[in-house]
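**Q** Next come the chains, spelled out residue by residue.
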Amino acid sequence: DVKVTQSSRYLVKRTGEKVFLECVQDMDHENMFWYRQDPGLGLRLIYFSYDVKMKEKGDIPEGYSVSREKKERFSLILESASTNQTSMYLCASSSRDSKLRETQYFGPGTRLLVL
Amino acid sequence: AQSVTQLDSQVPVFEEAPVELRCNYSSSVSVYLFWYVQYPNQGLQLLLKYLSGSTLVKGINGFEAEFNKSQTSFHLRKPSVHISDTAEYFCAVSATSYDKVIFGPGTSLSVIP
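Residue numbers (the numbering used here), protein chains in the order written: chain A, 1 to 115; chain B, 1 to 113.
Check each hint, because a few of them may be wrong.
Stated by the list, open to error - Only part of the chain A face toward chain B is listed, based on derived beta-carbon distances under 7 Å: (1) Val12; (2) Gly16; (3) Glu17; (4) Phe20; (5) Gly42; (6) Leu43; (7) Pro61; (8) Gly63; (9) Thr103; (10) Pro108.
Calculated from the structure, these hints are not laboratory results.
It should be emphasised that the depicted structure is a prediction, and the values quoted were computed from it without experimental measurement.
Virtual Cβ for every residue (Gly too), placed ideally from N, Cα, C.
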């Protein structure tokens, strides 16, 4: 079974703090994604990565950065957390294999509260 | 660019009744279509997907969906729901040549005993 793990289920941070969200997948997937999920808005793509050290902006990258130093790990960084970044953050991965690429596998999510 | 519409934000239904969750998409290119389910306090998991071939797709837990190209729809159905089906359901679309997936806003299914 594919497993995607996220470092924390719940986080509480203060405005202005630097926040790191870690995601690890164990299926040797090339693609990794970070989404935020808000009620009524569904999932919105923040950043994604096709390979190590590669990153692409998604639909809402402002206020975020990412790092992918190893294939299995994709980190989301909030340089200076703000209250409007309070949300559920979901990490996902997918394969570039032609038979598997269409399915994304999700972690359990990190619920971040910024005070 | 692709987009997804889920017209119903909340769908309450009695246990053992049938349910249909509606999804419409827009795209100028060929697409793949997906339904994902999110149970409370969990991440998303794939319910079913349409890539090509038969327009009627069967998924896990007794769900099925039908791709209708002329109506640009991919509605999800189950003939008899169970309490355990209470969850958030997301329709999603991806252009066949890209890896990005666009998600709809979600439909919250509540099964009433």
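**Q** Hints first: check each against the structure and report whether it holds.
**A** Checked hints:
1. Val12: Interface hint status for Val12(A): violated (17 Å vs cutoff 7 Å).
2. Gly16: With a closest approach of 29 Å, the Gly16(A) hint is violated.
3. Glu17: 25 Å, violated
4. Phe20: This hint is violated: Phe20(A) lies away from chain B, its Cβ roughly 19 Å from the closest one there, beyond 7 Å.
5. Gly42: Cβ of Gly42(A) sits 4 Å from chain B, so the hint holds.
6. Leu43: 4 Å, holds
7. Pro61: This hint is violated: Pro61(A) lies away from chain B, its Cβ roughly 13 Å from the closest one there, beyond 7 Å.
8. Gly63: 20 Å, violated
9. Thr103: 5 Å, holds
10. Pro108: Since the shortest Cβ distance to chain B is 5 Å, the answer is holds.
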